[in-house]
Each structure stands twice: as C-alpha cells, then as structure tokens.
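Trainee: With the hints as extra help, turn the sequences into a complete structure.
Residues per chain are reported as follows:
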Amino acid sequence: MKNDKDNKTRHIMNILIGGEAGQGLVTVGQILAKSLVRSGYSIVVTQDYQSRIRGGHNTFAIRVGVDEVIAPREEVDLLVALDPGTVKLHKEEMSSEGLIIADDAFGLAEEATLKIPSQQLASDQYANTAALGAVVAVLGLDKQVVARTVEDYFGKAHREIAEENKKVLEESVRWTAGHSVAFKKLPSIARPPQRLMMNGNEAIALGAITAGAKFYSFYPMTPATSVGLTLAGWAQEMGLVVEQAEDEIAAINMALGASFAGAPSMVGTSGGGFALMVEGVSLAAMTETPMVIVVAQRPGPATGLPTRTEQADLEFVLHAGHGEFPRAIFSPGTVEECFYLTRKAFDLAEKFQGPIFVLTDEFLADSYRAVRPFELEGLSPVRPCSLQGLTFSNPYGRYAITDTGISPRLLPGLTENLIVADSDEHTEDGHLTENLVVRRRMVDKRLKKGRGILAEVVPPETHGEEKPDLLLLCWGSSKGAVVEAASMMRSRGRGIATLYFPQVWPLVPEHFIVHLQEAKEVVCVEGNATGQLARLIRRETGFHIGNLVLRYDGLPITPDFVLGELKQ
Amino acid sequence: MVTTEDYGQYETAWCPGCGNFSVLEAVKRALAASQLKPHKVLFVSGIGQAAKAPHYLNANVFNGLHGRSLPVATGVKLANPGLTVIVESGDGCNYGEGGNHFLAAIRRNIDVTLLVHNNQVYGLTKGQASPTTAEGFITKAQPEGATSAPFNPIAVAVAMQAGFVARAFSGMIDDLSDRIQQAIAHRGFSLIDVLQPCVSFNKVNTFAWYQERCYPLPREHDPTDWQTAMKVAFEWGDRIPTGMVYRNDRPSFEERLGRGPLVEQDIDRTAMRKIMEGYG
Chain X
6 MKNDKDNKTR HIMNILIGGE AGQGLVTVGQ ILAKSLVRSG YSIVVTQDYQ SRIRGGHNTF
66 AIRVGVDEVI APREEVDLLV ALDPGTVKLH KEEMSSEGLI IADDAFGLAE EATLKIPSQQ
126 LASDQYANTA ALGAVVAVLG LDKQVVARTV EDYFGKAHRE IAEENKKVLE ESVRWTAGHS
186 VAFKKLPSIA RPPQRLMMNG NEAIALGAIT AGAKFYSFYP MTPATSVGLT LAGWAQEMGL
246 VVEQAEDEIA AINMALGASF AGAPSMVGTS GGGFALMVEG VSLAAMTETP MVIVVAQRPG
306 PATGLPTRTE QADLEFVLHA GHGEFPRAIF SPGTVEECFY LTRKAFDLAE KFQGPIFVLT
366 DEFLADSYRA VRPFELEGLS PVRPCSLQGL TFSNPYGRYA ITDTGISPRL LPGLTENLIV
426 ADSDEHTEDG HLTENLVVRR RMVDKRLKKG RGILAEVVPP ETHGEEKPDL LLLCWGSSKG
486 AVVEAASMMR SRGRGIATLY FPQVWPLVPE HFIVHLQEAK EVVCVEGNAT GQLARLIRRE
546 TGFHIGNLVL RYDGLPITPD FVLGELKQ
Chain A
7 MVTTEDYGQY ETAWCPGCGN FSVLEAVKRA LAASQLKPHK VLFVSGIGQA AKAPHYLNAN
67 VFNGLHGRSL PVATGVKLAN PGLTVIVESG DGCNYGEGGN HFLAAIRRNI DVTLLVHNNQ
127 VYGLTKGQAS PTTAEGFITK AQPEGATSAP FNPIAVAVAM QAGFVARAFS GMIDDLSDRI
187 QQAIAHRGFS LIDVLQPCVS FNKVNTFAWY QERCYPLPRE HDPTDWQTAM KVAFEWGDRI
247 PTGMVYRNDR PSFEERLGRG PLVEQDIDRT AMRKIMEGYG
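Sequences listed follow chains X and A, in order. Here our numbering is used: position 412 in the first sequence is 417, and no number is missing along the way. Here our numbering is used: position 160 in the second sequence is 166, and no number is missing along the way.
Note that these hints are calculated values from the structure, not bench results. Be aware that one or more of the hints could be misleading.
Straight-line alpha carbon distances no greater than 20 Å define the calculated EDC-like cross-link-like pairs of lysine to aspartate or glutamate that follow [what the hints assert, rightly or not]: (1) K280/A x E242/X; (2) K161/X x E283/A; (3) K280/A x E382/X; (4) K43/A x E421/X; (5) K280/A x E341/X; (6) K120/X x D157/X; (7) K132/A x D429/X; (8) K46/A x E421/X; (9) K132/A x E439/X; (10) K453/X x D434/X; (11) K148/X x E168/X; (12) K280/A x E156/X; (13) K280/A x E380/X; (14) K46/A x D434/X; (15) K280/A x D157/X.
Beta-carbon label-pair distances, calculated as ranges [unchecked claim]: (16) R57/X x G264/A: 34 to 44 Å; (17) G264/A x G569/X: 51 to 61 Å; (18) H327/X x G14/A: 28 to 38 Å.
A virtual CB, placed ideally from N, CA and C, is assigned to each residue, including glycine.
Mentor: Next comes the structure, spelled out in structure tokens:
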C-alpha cells in the first residue's frame, strides 16, 4: 500500500464498524479486535445495538492504541460501513484525517472513501470479510495474525467457512494494497506481550470459577445473559451446574438451595429480573446463605432501553429486600476489576453468609479489552466445607450467637448434625420462633456481620494532585472516561483529581472525606439522571455535592461528554 | 435400624383434628420404612400451615418463601444428589404462588418428592379461596362464591407425563404412608396430592366429605397406561379415586446431567488455565 501524503503514524485511533443486525458486524468486530490485541495493542470496545436480530443500525467501535486505552470516544478515525446508512449516520463524527471504507456498490461520493469492489472480491455473504481485509491493509496489520484469528474464530467445526473467509481476506488485502490511501497507521509492535481479549461478563464468569463457583442459575436477560452462556460453555469441564430457570424467582431460589447444600452459587440478571429476585435477597440474608448476585444495569424503568447502558440501579440494589441486613455492593470499573471483585464477592458471601452484589452495566458487560493473563496459581477458591470433620452436639446451633455474628456453617447430609434454616425468625438451632427476646438477639447478630463487611471494604482510588481545583467522582464503568477527561484537563494546566469507587456499599467516610473537603470544587459523574452516588455520599457523610455530570441517554460516558458538560 | 422415633415427637401449632397430623405421621412411617437416617433427608417447605410440618420432625430443613420450595429443592438436589429431598407445602404454595415452578419441576423430572397438603382453602391467612377451591365456595374474600374453576393438579401432572402421580387422603394413613415410601424410592419427580380437611376454614370439604368419596383405585388400574390415567385424573365429585394414577421411567434430571455432588468436586486448575488461555 502506498501512503501518498506522509508516512507518519498515530498512537491511538477510533474504528467504528456499522451496519444492520445480521450483516456479520460483530463477527468482523471480534476478529478485528482480537487481531489488534494479538498484535500487541490495547483496546476498548463499545457495542451499540438495537433490540432486534435483523435490520436496524448497530455499531461495534474499537478504540485502539499503542499505550493503554481506558475509555471510548465519539470521534471516528476509521469508519467501516457495511451499509450506506452507516455513512449517513456517522460522517459528522469523522476526524479531519479520517477514512471511510465502504462497498463500491453503495455509490458514495464522500471524499475520504476507500470504495472496495466487494462483488469482485467476494460473494454477498462474505462482504463483511472483504471490508475487514481493507481495514487490515489500511492499518498495516500482519495478515498472518488476522488469518489465524479467523481460523480460531470459526474453529475446526467450520473449517470450510474459515478457508473461504481467509481467501476473501487475502484478496481484499491485496486489492487494497494496490490502491493509494491517505491514512495514518498504527506503529507496529515488535514483540507483542501476551494479552487476553475479554469483556466484563466473561471476566465475571472467570472470576467466579477461580473462586470455586459450582452453580449458576439465570433467566435470560440482556445484558447479563452472557455470564450464563460463558459459564455454560465451561460447565462440563469445570464440573459446574448452569441451569436456565423458569423465571428469575426460581433462579435465585434454586441458587439458594444449591448454596445451602454446599455449592458456591451465583445468579446474574438485569434490573427487571432483579426486581423479581428481591424476596430471594431477603431470604439469603435471613437464612444466612452465601449468594453472589450480578446485576448488569440497563436503562429502566420497566423494560426501558433493553440493549443500552445506564447506572441507575445503585439505590435499587442498595435497598432491595425487605427488613434490615448487611450487604456489600462492588462496582467494577474495568474488565480486570470484574474478575477480582467477583472473586472478592464470593469470598465475602462465604465468610459473612449472605447476599453480596456485583453491579455492572451493559457498556462494561459487552466491552472487550486487552487484559494481562491472570496469575491463577496464587488464587485460592472459597471453601464452603471448611468446618466438615468437626463435631457439634445436637441440636446443632446453625445460628449460634457469636461476637462477630458469624455462626459455624455445616452443610446438610455431610455430618450427622441436622441443619435447619427458616425464613421466619428462628432460634439458634434454626426453628421458627415468636419469642421476641430471641428476635432482638437475632437481628443484632445478623447486623453485627456488617462490621466485618465494613472492615473489608475496597477503598476508593484517587488519581491526580492533592487539594485540586476540581475533584471528579465516579463509580463503576465510567472510571476510564472520567480518568481520561481529567488527564486531558490536566494537560491544559488545571489542578485536577479523580476519586473512583470500586465499591459503592458500604461506604467508609474516613477513606475519602478528606479529598472532598480539600477540593475547591467537587463534581460527581454518573450514568443516571439524579446523581445516586452523590446522594448516598451526602446521606452517609453530610457532604453535599451540588455539581453533577449525568448521562442517561443510554450511551456510555466518554471523556468528551464529561468535558462538554463541565464547560456548561 | 431406623424407627419413627428417630424422627422425633414435637408439639405443633396446628388446630386439633387438622389433617396435617396424619400426614406428619405417615411421613415418619415412610421414612422409617425406607430406612433413611434423618441427616440424609432434607425437607423443603414454603409458607402455610403445611409448610410448618418439617419443623415437627428430625431432619434437615429449609423452610423458605411462599411458593418457592420447588426451586430450592431443585438446587439442593443438583448440588447434592445424595440427599433425599422432600417438598412439603400446601395447595396455595405449590399450585398458586409456585405454579410456574410446579410445571418446571415436572418438565425437569428432578428427583424430588412433592407432598401437597391439599385442603382446598387457605388456612394460615384464615380461609380465602385456594387454587383448588370449588367454584361457588363462599369465603370472606369471595363473598359471592369463588368464580375461578379449580386447578386439577393430577390432570396437569398426568398430561405433562410426570414420572409419578398419585392422590391420597389423610384419613387413609397406611395407604398414604405406602405411597410416600414409593415416591421416595421413585427416581424422578413424584407428586402426591394429599386431600385433607381444614377443620377451621373449610366447612364443606370435611373429613366426612372426603371419607364418603375417596376410594382406592382398583387393582387392575394400570398406572403406566397414560390414556386411562387421564380419565382417572378427571374423576372428581361423588367418587374420588386415590392411589397411583400414573407413572413412567423417564430418566431423572440429575441422571441426565451426570454431575454428582458438587461439594465434592475439586477445581480442575489445568482446565481453568486452558479456559483462560482460550481468550489469548
């Protein structure tokens, strides 16, 4: 390929692939993203799709860079249009040195367009691969890496399809190389480090099995479904049971039964499904049964925008369940954190015997990133049977009152002791009671576990200078966008810092209050319409955060969005 | 040697004359006859007067939410197939609030015994219509008479070809006990719909009412004959058949899944590493 204008490269760029559902958009996106990761680049993928299987307009955006990429952005450097509509919808987003790759047959007049003769290069069915070939050539990627990724993607079961795709890819790369294109490539990386391409849901699933998860039940609901699909794919080799329940109520009750019988268990859903699970959350707390609950948020109320993103269920998850009982809510901001905080959730659920939450959202659930392989050797799983072998007298005090509120948990059937659990208020041996003195003792016992949970809180992270002019707060998946926005402002000379919460409950004011007090101005950035974290901080500390940057149009928070809102 | 005494004797919160007493006694006899040690048995129940039953015997117990016993029992059985899992709850719990789970449990054919204490009324909440209440039955909540047609659990279970479908009457305690023992031995889902009087809130379907009508199915009834079973399932009114209505040998859910006790399974670190590396 001849680069006529100059030979300079760029270190970071944004690629947007657009088309209708059913055009193979995600296939091309995943193959390209993985090829980029295998070539040593960092990526952040943003998937925007409509709730339909065919037609409409969907996009798969890959922000790619030589150094670590942490957030998505709007401006497009390389637009790959699988249909004419994509060009119309996105040409305003093109950067000054951007390029549009589109099929010759679309008859587009845009100046910076590489028009590929798909009909010459491939049959209709492989038009997406013809476009991929042009992208590979334009970016200067190693053809071998991409061909290997195509092979891995289609696997041995579809060898013919893989071969056909490779042929089209080869043709398209050759055709593109013969044409003059003005586009700054990514510099090649000589020895690419080993990286995994993984999205938030996959990292949750992997975190769960390393923590010893043995049971997962779910009812399909976007954007949580792929946690279950990922685990189902591993179920046989990992000895897991993954069961699609008849509804979310069944899902959580089934998981509680499995957990009660000794299988570390998890459920996953989104807001509407979680609404159905809520009585089960309370049951987990009352019967002191370990339970990890993943809530992948999407915009509500009710069915809302089923395939878009939002952070509007913090208060819902915090208050879900009748009665008073302790809980913890983790809010991972990266794929790595999805892995580690899911493990932590299993650890706490087991230790404190109750419901522990992992709160994510559609953006993070579907966002592929390049991550370092996890060091699996040092990671220990939870051990629900740690007490087995010890003898207790009968009747065994499953809910024995202790200083920590944590009672010794035996599993049914493994010893001669009988284990009795009740959703009613109960005595130390688990039988229902209406003794009101026992009632008070049991409430106190359960709440006491909250102190232990408090001691294990993952503190918020600060980046940037002390006593800043501006402190930006965030939680969950908006972490990357806020950190990047801060660094952009810092480079323009503003004294700025960020405070990010990987855990939104419980809050320990001593961890962060000084940062709020020392900043000249505090702004909370959230993916909801009312500022739920800001309100929670005020409730817990009395510190009022008046300035909010809020996004609730269903799209992820980006650095440009934060900067734009701050200007106003 | 396991005897009914191993299953204990406890004071209950039930009304004198309640059908629950006979069911409790029949359960103990069936467990003793099955030679099952109390710690190998787990009862799951929901909410209602019947759901208190497991508290009155020695065994493992998970007394959960109203209507949600079957999902809990399913989870328990999948996690530890070595446990004998029995669900004991009422008609409101299993056919009303938990109706969807009833259908799903039959479809899964999970190896759980479901004992439904069916007194055709809500006892715990003092006398409202239940899913099996007859049309026209007057209650404080249905002062003009219940307008919905009663749910026929036997017909639904037979139609769905559940593994083991039986009806019993709390007044025929030996028959009930035998049926429970058979249900425990059956590998797959088993339903026993136990007709029983509610002495406080059902003044129509009394002990005498059931006594007059219930008759054991004749010896020649073949429970493997589905079409005959469907006919029997719709027999109700002046004559109510009890006994084994239908059975088949579908493999159970756990047999088809073939996982064994999850609690005993080690984490295969090599497999886990391979899975992770698959993302590279």
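Trainee: Take the hints in turn and mark each one as holding or not.
Mentor: For each hint, the structure was consulted:
{"no.": "1", "hint": "K280/A x E242/X", "in the structure": "10 Å, holds"}
{"no.": "2", "hint": "K161/X x E283/A", "in the structure": "17 Å, holds"}
{"no.": "3", "hint": "K280/A x E382/X", "in the structure": "13 Å, holds"}
{"no.": "4", "hint": "K43/A x E421/X", "in the structure": "9 Å, holds"}
{"no.": "5", "hint": "K280/A x E341/X", "in the structure": "18 Å, holds"}
{"no.": "6", "hint": "K120/X x D157/X", "in the structure": "29 Å, violated"}
{"no.": "7", "hint": "K132/A x D429/X", "in the structure": "19 Å, holds"}
{"no.": "8", "hint": "K46/A x E421/X", "in the structure": "8 Å, holds"}
{"no.": "9", "hint": "K132/A x E439/X", "in the structure": "19 Å, holds"}
{"no.": "10", "hint": "K453/X x D434/X", "in the structure": "19 Å, holds"}
{"no.": "11", "hint": "K148/X x E168/X", "in the structure": "14 Å, holds"}
{"no.": "12", "hint": "K280/A x E156/X", "in the structure": "18 Å, holds"}
{"no.": "13", "hint": "K280/A x E380/X", "in the structure": "13 Å, holds"}
{"no.": "14", "hint": "K46/A x D434/X", "in the structure": "18 Å, holds"}
{"no.": "15", "hint": "K280/A x D157/X", "in the structure": "15 Å, holds"}
{"no.": "16", "hint": "R57/X x G264/A: 34 to 44 Å", "in the structure": "38 Å, holds"}
{"no.": "17", "hint": "G264/A x G569/X: 51 to 61 Å", "in the structure": "56 Å, holds"}
{"no.": "18", "hint": "H327/X x G14/A: 28 to 38 Å", "in the structure": "32 Å, holds"}
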